[in-house]
Amino acid sequence: MKIASVIVDIPTQALDTPYSYAVSDEMLVGDGGLPAEVGCAVLVSLGGRKAVGYIVSLDEVEASPDEGTDLWGTPRSAADLKQVEAVLTKSSFDEEGAACALWLADRYAAPLSECVRLFTPPRAVPRIVRGRDGRYRVEEPAIGAVDDRWVVRGEAFDSFEPRKNAAKQKAVLAAVAAGDVRVSELAAEYGNVASTLKALESKDVVRIEHRRRLRGMDGCAPACRTAPPPLTFDQLAAVNAIEAARAAGEGRVVLVDGVTGSGKTEVYLQAIERTLAEGRRAIVLVPEISLTPQTVARFRGRFGDAVAVMHSRMSDGERYDQWDYIKSGAAQVVVGARSALFTPAVNVGLVVIDEEHEGSYKQDSSPRYHAREVAEWMMARGGGALVLGSATPSIESLYQANKNPLWAQVGLLQRANGRPMPAIEVVNMAAEFASGSRAMFSGRLTRALGEELSLGRKAVLLLNQRGFAKFLLCRDCGFVPECPHCSTSLTYHEQGSKLVCHHCGYSEAAPPVCPECGSPYLKKFGAGTQRVELELRSLLDSLPGVGPQVPIIRMDADTTQAKGAHQALLEEFAAADAAVLLGTQMIAKGLDFDDVTLVGVINADTQLHLPDYRAGERTFQLIEQVAGRAGRAELDGRVMVQTYEADDVAIRAAATYNRGMFLRAELPKRKLLGYPPYVRMANVLIWGADEHEVATEAELIHGQLAEIVRNEVGERWSVLPAVPCVLGKLRNTYRYHIVVKAPLEDDLSAPLVRLFRTRHPNPKVSAAVDIDPMDLL
Numbered sequence: 022m023k024i025a026s027v028i029v030d031i032p033t034q035a036l037d038t039p040y041s042y043a044v045s046d047e048m049l050v051g052d053g054g055l056p057a058e059v060g061c062a063v064l065v066s067l068g069g070r071k072a073v074g075y076i077v078s079l080d081e082v083e084a085s086p087d088e089g090t091d092l093w094g095t096p097r098s099a100a101d102l103k104q105v106e107a108v109l110t111k112s113s114f115d116e117e118g119a120a121c122a123l124w125l126a127d128r129y130a131a132p133l134s135e136c137v138r139l140f141t142p143p144r145a146v147p148r149i150v151r152g153r154d155g156r157y158r159v160e161e162p163a164i165g166a167v168d169d170r171w172v173v174r175g176e177a178f179d180s181f182e183p184r185k186n187a188a189k190q191k192a193v194l195a196a197v198a199a200g201d202v203r204v205s206e207l208a209a210e211y212g213n214v215a216s217t218l219k220a221l222e223s224k225d226v227v228r229i230e231h232r233r234r235l236r237g238m239d240g241c242a243p244a245c246r247t248a249p250p251p252l253t254f255d256q257l258a259a260v261n262a263i264e265a266a267r268a269a270g271e272g273r274v275v276l277v278d279g280v281t282g283s284g285k286t287e288v289y290l291q292a293i294e295r296t297l298a299e300g301r302r303a304i305v306l307v308p309e310i311s312l313t314p315q316t317v318a319r320f321r322g323r324f325g326d327a328v329a330v331m332h333s334r335m336s337d338g339e340r341y342d343q344w345d346y347i348k349s350g351a352a353q354v355v356v357g358a359r360s361a362l363f364t365p366a367v368n369v370g371l372v373v374i375d376e377e378h379e380g381s382y383k384q385d386s387s388p389r390y391h392a393r394e395v396a397e398w399m400m401a402r403g404g405g406a407l408v409l410g411s412a413t414p415s416i417e418s419l420y421q422a423n424k425n426p427l428w429a430q431v432g433l434l435q436r437a438n439g440r441p442m443p444a445i446e447v448v449n450m451a452a453e454f455a456s457g458s459r460a461m462f463s464g465r466l467t468r469a470l471g472e473e474l475s476l477g478r479k480a481v482l483l484l485n486q487r488g489f490a491k492f493l494l495c496r497d498c499g500f501v502p503e504c505p506h507c508s509t510s511l512t513y514h515e516q517g518s519k520l521v522c523h524h525c526g527y528s529e530a531a532p533p534v535c536p537e538c539g540s541p542y543l544k545k546f547g548a549g550t551q552r553v554e555l556e557l558r559s560l561l562d563s564l565p566g567v568g569p570q571v572p573i574i575r576m577d578a579d580t581t582q583a584k585g586a587h588q589a590l591l592e593e594f595a596a597a598d599a600a601v602l603l604g605t606q607m608i609a610k611g612l613d614f615d616d617v618t619l620v621g622v623i624n625a626d627t628q629l630h631l632p633d634y635r636a637g638e639r640t641f642q643l644i645e646q647v648a649g650r651a652g653r654a655e656l657d658g659r660v661m662v663q664t665y666e667a668d669d670v671a672i673r674a675a676a677t678y679n680r681g682m683f684l685r686a687e688l689p690k691r692k693l694l695g696y697p698p699y700v701r702m703a704n705v706l707i708w709g710a711d712e713h714e715v716a717t718e719a720e721l722i723h724g725q726l727a728e729i730v731r732n733e734v735g736e737r738w739s740v741l742p743a744v745p746c747v748l749g750k751l752r753n754t755y756r757y758h759i760v761v762k763a764p765l766e767d768d769l770s771a772p773l774v775r776l777f778r779t780r781h782p783n784p785k786v787s788a789a790v791d792i793d794p795m796d797l798l
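So for the sequence shown, my numbering puts the first residue at 22; every next one is plus one.
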């Protein structure tokens, strides 16, 4: 008998440690079922109810109950312990995954169950449900492996002669003679073949085999391996720096600071190749919006079928199959979004995070982890190395590379093909407006579009939508339609003439007149991609040498909803002679087309007006990133940036590729106001349906937190007052927050964890902690 430490799958801070259960010898060997192992889901009793839990350690029973506890707090005696009642699944993770779950819970002040669930297969875990009779039962997961039935030759296949009138048998045998075939394919072609196959199988003419099918892989041609190209001097230096970091075996970090088109991906590929040659595996993280077929093809082209891919646009079944493929050991390289870190890849020697500055690496729901921090912890534990790549590294990463001895920074200062970076021209839209122009496209951008498209080249136009939404305003009384569930204006959609809330999904028809005063003068403010597309179409049709034959491919949240739409749109853009790709932030990175010679940023400054201390940094990064889409091959590129804030330092610095100018202006402000990278922050979020209850609870938490900080760390920390969030109402809930700031060297999480695991929660109000938030909105 052993003692199991079990994390019970009930998401509450009150269950702050694993619970101990006895495991019988029969259950350990799987007598009559699955064996009990670390990572298994099990059925246990807790407080008089049944619950699903996950085993995170198995310990030997000591002779004496007075021997103390282990690392997890598990007693070493089985006396008086409840027993694990059943093993529900195979193991999903190992001891390292269990240790990571515990670290995540402490680091990010999150419930243990939510952290351990990160390591389980997608939508494939059992749960406890309450039936109509009031009893609880285990509900099996809806997602699992799919086995296809295949028809293959039997021992008597070659000698068998069907009867002359056995047409269906002849058809089946002819199909099998050409190669193994699925039963479903035979049924689709010839109708019900069950009796035919049964008769042939009884004579050993054919055999029916069950084979695992990987969903989403049907029709995928085997990857054609490509040979690595020779490295430039800078690329070789970067690969050597990564090799040195891996050889150190202590979780070193290499920041690959390379301009767009400098060949960072090739550096990753060759570093991965060397990692695999040593018998270790690699994980590559890319932002969700950059997980294009182009990106995946680069890795599959080098490593073939040893590559597994995980991202949210896959179905649950496809993600489960890829997860299982990784667990089988067949996948040596995992490419995916941030959650790919928690797949069951063992012996990982290298983690690569591309476009490391992207905010999507921060989880926006509990546990609110940052992939960069988790990967750094994993590589320190596993003796590997972490590679961060970006043309515009985050300020935090630049700071670490300058201060932390375990970090190194290598630069790729030139494009791999030797071509220059495209010239960036800032177009002052305020001056255009003053001169009498009211057009969405400046004269210079219009002329540039005409010149490039008439030569059969391509253009990319970015609409920077992050910031102010498109809304209606009554010019007579000032009324703006707002969402009844969120404290935000409704966004106007040209298609369907409707108003939509992009936070909760509420929609209504756009009114013909003002609902408040009846005025017909409703003005549309802001420009969505639909409206821009209409105006752009009208503009292109009027340009000499362009006209209606030049397609506009719009890529935004609406046009990429359908599965495969993202890939189809990019293929349409690639196939056209001259074309315009119009889109939101998703087109700013990860696209590599040789014939794109013009990039236009229609509204560069919208996010500068957000109440966010990162607004300038994000604007600088966005302009440099999208500029990199132009002139990537033999043709020269140019970039037009339209802005009403032409004198803003973020825009001026980006237009001259002058990071130093931006940092010299930005860093003193961050230091003076107490923002990262000079401090660590936590954002305590409080929300609920009753505004008074939320405000009262926020004040209570503020008082408790301020007292803990005052007693434990004194005046070195600051706990700001509880105030409404910028978006004070969202989906019918009112939102407050409390910001905590601490010195870099302090453990910011510990006091918050202690408070949230001991406080008595208010059933009407929810509260959560965001450690190291990406914004305070």
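Simulated from the structure, these hints should not be mistaken for laboratory data.
Beta carbons are placed, not taken as given, at the ideal position from N, Cα and C, and that holds for glycine.
Be aware that a few hints might be false.
With a straight-line Cα cutoff of 35 Å, these simulated DSBU-like cross-link-like pairs (lysine-lysine) come out [unchecked claim]:
(1) K762 <-> K424
(2) K584 <-> K545
(3) K785 <-> K71
(4) K785 <-> K692
Label pairs and their in silico Cβ distance ranges [what the hints assert, rightly or not]:
(5) E309 <-> V159: 27 to 37 Å
(6) A258 <-> A578: 35 to 45 Å
(7) A596 <-> G439: 24 to 34 Å
(8) D169 <-> A265: 17 to 27 Å
- Query: Range hint 17 to 27 Å: satisfied by the CB atoms of D169 and A265?
  - Reply: Cβ of D169 to Cβ of A265: about 47 Å, so the range 17 to 27 Å is violated.
Given pair status - K545, K584, alpha carbons within 35 Å: Distance of about 32 Å is within 35 Å: holds.
| task | Determine whether the Cβ-Cβ distance between A596 and G439 falls within the hinted range of 24 to 34 Å. | result | About 28 Å separates the Cβ atoms of A596 and G439, which means 24 to 34 Å holds.
Exercise. Holds or violated: are the alpha carbons of K762 and K424 at most 35 Å from each other?
Worked result: Holds, at roughly 20 Å.
- Task: State, for the Cβ atoms of E309 and V159, whether the hinted interval 27 to 37 Å holds or is violated.
- Result: Holds: the Cβ-Cβ distance is about 33 Å, inside 27 to 37 Å.
Confirm or reject the claim that A258 and A578 have a C-beta distance inside 35 to 45 Å. Taking Cβ atoms as reference, A258 and A578 lie about 40 Å apart, which means the hint holds.
Check your understanding: Given the hint that K785 pairs with K71, does the C-alpha gap stay at or below 35 Å?
Key -> Cα-Cα ~26 Å, so holds.
So if I understand the rule, the pair passes when the alpha-carbon distance is 35 Å or less; does K785 with K692 pass?
38 Å, violated
Checked against the numbered hints above, the structure violates hints 4 and 8; every other hint is satisfied.
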